[in-house]
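Engineer: Just so you know, the sequences run in chain order A and B. Here the first sequence stands for residues 157 to 455, numbered as in this note's numbering. Here the second sequence stands for residues 157 to 455, numbered as in this note's numbering.
Don't read these hints as lab results, they were simulated from the structure.
Pairs count within a copy or across copies, as identical chains cannot be separated in the list.
Using 30 Å as the maximum straight-line C-alpha spacing, the simulated DSS-like pairs for lysine-lysine come out as follows:
1. K286 <-> K319
2. K345 <-> K286
3. K358 <-> K368
4. K358 <-> K381
5. K381 <-> K368
6. K381 <-> K345
7. K381 <-> K318
8. K319 <-> K358
9. K345 <-> K358
10. K232 <-> K286
11. K286 <-> K318
Keep in mind it's a predicted model, so treat the numbers as computed, not measured.
2 protein chains.
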Amino acid sequence: MSLTVIGSLAFDSIETPFDKRDEAFGGSATFFAAAAARFGEVGMVGVVGTDMPDQNLADLRDLGIDCQGIEVAEGKTFRWGGRYEADWNTRTTLFTELNTFEHFDPKVPAGYQDSPFVFLANAAPAIQMKALEQFKSPRLVVADTMNLWIDIARDDLVGLLKKIDGLVLNDEEARMLSGENHLLTAARKVLDMGPSFVVLKKGEHGAFLIGKDVHFSLPAYPVEKVVDPTGAGDSFAGGFMGYLASVANFQPHTLRRAMVYGTVTASFCVQGFTIEPLVANDRAAIESRYNEMISFITL
Amino acid sequence: MSLTVIGSLAFDSIETPFDKRDEAFGGSATFFAAAAARFGEVGMVGVVGTDMPDQNLADLRDLGIDCQGIEVAEGKTFRWGGRYEADWNTRTTLFTELNTFEHFDPKVPAGYQDSPFVFLANAAPAIQMKALEQFKSPRLVVADTMNLWIDIARDDLVGLLKKIDGLVLNDEEARMLSGENHLLTAARKVLDMGPSFVVLKKGEHGAFLIGKDVHFSLPAYPVEKVVDPTGAGDSFAGGFMGYLASVANFQPHTLRRAMVYGTVTASFCVQGFTIEPLVANDRAAIESRYNEMISFITL
Chain A
157 MSLTVIGSLA
167 FDSIETPFDK
177 RDEAFGGSAT
187 FFAAAAARFG
197 EVGMVGVVGT
207 DMPDQNLADL
217 RDLGIDCQGI
227 EVAEGKTFRW
237 GGRYEADWNT
247 RTTLFTELNT
257 FEHFDPKVPA
267 GYQDSPFVFL
277 ANAAPAIQMK
287 ALEQFKSPRL
297 VVADTMNLWI
307 DIARDDLVGL
317 LKKIDGLVLN
327 DEEARMLSGE
337 NHLLTAARKV
347 LDMGPSFVVL
357 KKGEHGAFLI
367 GKDVHFSLPA
377 YPVEKVVDPT
387 GAGDSFAGGF
397 MGYLASVANF
407 QPHTLRRAMV
417 YGTVTASFCV
427 QGFTIEPLVA
437 NDRAAIESRY
447 NEMISFITL
Chain B
157 MSLTVIGSLA
167 FDSIETPFDK
177 RDEAFGGSAT
187 FFAAAAARFG
197 EVGMVGVVGT
207 DMPDQNLADL
217 RDLGIDCQGI
227 EVAEGKTFRW
237 GGRYEADWNT
247 RTTLFTELNT
257 FEHFDPKVPA
267 GYQDSPFVFL
277 ANAAPAIQMK
287 ALEQFKSPRL
297 VVADTMNLWI
307 DIARDDLVGL
317 LKKIDGLVLN
327 DEEARMLSGE
337 NHLLTAARKV
347 LDMGPSFVVL
357 KKGEHGAFLI
367 GKDVHFSLPA
377 YPVEKVVDPT
387 GAGDSFAGGF
397 MGYLASVANF
407 QPHTLRRAMV
417 YGTVTASFCV
427 QGFTIEPLVA
437 NDRAAIESRY
447 NEMISFITL
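Model the full structure from these sequences, guided by the hints.
Structural biologist: This is the structure:
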C-alpha cells in the first residue's frame with residue numbers, strides 16, 4: 157500500500173445559512189481517502205459502528221480505496237453536528253458523539269505496514285502514535301491535529317511532532333500551538349518542534365508550506381459558491397499526500413506541486429456535502445482545475 | 157512626465173498598539189510617489205498649506221519626484237488621525253481635517269499633460285475626473301477610491317469608472333461597490349462597470365488582479381513586524397504603476413509582474429512610519445525582495 161491514512165469515519169449533521177444535511181457520511185479519514193484515491197492506491201484504518209450502511213463502504217471501494225483496515229465494532233459510528241455562519245470561518249459544534257471512535261485502537265493491516273507514505277488524520281496524539289508505531293519504515297509521515305489536542309494532550313502532541321516529517325494545521329491551531337500571532341513566525345516555531353515541514357492552511361486565504369529548504373505560498377481556488385466546508389482540510393491533505401505518493405518523492409518542487417493539488421481537491425470538497433463532489437470530479441477534472449490554478453499564480 | 161499622480165499630501169497622526177507618531181508626513185499621492193519613484197520619473201499634483209515644511213518637499217525631490225504640480229495654498233495642510241487595532245485590519249478614524257484639501261482644484265502642469273500613465277489617488281470622484289480631463293491622451297489611467305465616495309458620490313464614481321482603465325480597491329470597498337460578498341464575483345461586477353482590470357487588495361491576505369485577459373492572484377509578503385499600515389495601499393499602487401510606466405506597457409504578463417512589485421513596495425511601507433521605509437529601501441532592496449517573493453510563489 158503506497159499510502160495509508162489513519163483517522164475517523166463519521167456521520168456529520170451540517171447546518172449552513174443556505175442549506176442543511178443530516179447524517180452525511182464524513183470523517184477525517186473518509187475525506188482524506190476520497191481525495192487521495194484520485195492519485196493512486198490508498199488504504200484506510202478506522203472504526204465504524206454496526207450502523208454504518210454497507211453502501212457507504214462500497215462507495216469508498218468504488219473510488220479504489222482499500223477498506224480492509226476499517227474495523228466494524230459493536231455500537232454506533234462517530235457522529236458530529238456543526239453549524240457554519242455566512243463567512244464560513246465561524247463554526248459552532250452542536251454535538252459530538254464519539255461512540256465507537258472513543259476507544260479507537262488502530263490496527264494497521266499487515267499489507268499496509270510497509271506503506272512509504274502515512275497520514276495520521278486528526279485523532280488523539282496517543283492514538284496517532286499507536287498507529288505510527290505499527291509501520292515498518294515509512295518514508296514520509298504527515299499528521300493533522302486540532303485545538304482540542306493542543307489544549308488537553310499537548311505533551312503527547314509534542315512527543316508526536318518529533319516522530320513525524322510534516323504537520324498540516326490551520327491558522328488558529330498554529331497560533332495556539334506556537335503561542336505566536338504572526339503565522340510565518342508561528343510556523344517556524346512549529347518547525348523547531350520537530351517536523352521537516354509545516355503546511356499552514358488559511359481557508360479562503362490560501363495556504364503556505366515552510367520547511368528547511370522550501371517556502372511556498374499560494375491563494376485558495378476562488379470557489380464562488382461554497383456549500384459545505386466540512387472536510388476541506390482533510391481533502392487538502394488527501395490531494396497533497398495522494399500526489400506525493402503517486403510520484404514517490406517529496407523534493408521541494410514536488411511539495412510545491414502537492415500544495416496546488418491539495419488546494420484543488422479542497423476546492424472541490426467545499427462545493428457540496430459529504431464526499432459527493434470528490435466522487436463527482438475525476439482526475440481529469442482535478443488536472444483541469446490544477447492548470448487553471450497554475451494560470452492564476454504564474455508570472 | 158511618464159507617470160503622474162493626483163492626490164493628497166497630509167499629516168497623519170497614528171496610534172498602534174505598539175507605538176505612535178504625530179504629524180507624520182503622508183497622504184495618498186505622497187506614498188504613491190515615494191513608491192513609484194524607485195522605478196522612474198513621477199510627477200505629483202496636489203495641494204498643501206503654508207505649514208508644510210520645505211524639508212518634506214525636499215525629501216520628495218531627493219527621491220527624484222517632480223513637485224511642480226504641488227500647489228501651496230493659504231491655510232493648513234490636510235490632517236488625519238487614526239488608530240489601528242492589533243489585528244491591523246481594524247482602523248478607527250480619530251479625526252479628519254481636510255483644510256486646504258477641501259477645495260482641492262487640481263491643476264495639471266503643462267509638462268505633465270502628456271503623461272502616458274496616470275494614477276488618480278483617493279479623492280472625490282469629481283476631483284479625479286477634473287484632473288483626468290486635463291490629460292491629452294493617457295495610455296493607462298488607474299484610480300483608487302474609498303468607502304466614503306461609494307457612499308456619498310456613487311454617481312460620480314460610476315461615471316469615472318467608464319473613463320478609466322484600471323481600479324484598485326480593497327475587499328471592503330469591492331463588496332460595497334458591487335453589492336457582492338464573494339470577492340471574485342464582486343471584482344467581476346466592477347469590471348462590468350467599465351475598467352479593463354481591477355486590482356483587489358486583501359491586506360495581509362494578498363491581492364488579485366482580474367481583467368478580460370488576465371487573472372493573477374498572489375499572497376502578501378510575510379512581514380513579521382508591522383509598524384504602521386498607513387499608506388500600504390498607495391504604496392502598492394505606486395510600485396504597480398511605477399513598474400508599468402518603467403517598462404511602458406501593460407500586457408497581461410507585465411501586469412502580473414507589476415502586482416509583485418506592488419506587493420513588495422507595500423510590504424516595505426508597513427515596516428515603518430510615513431515614507432521612511434520607502435526612502436530607506438532602494439531599487440536594489442526592492443529587486444531583492446521581488447526575487448524572494450518569486451521564490452515563494454513559483455512551482
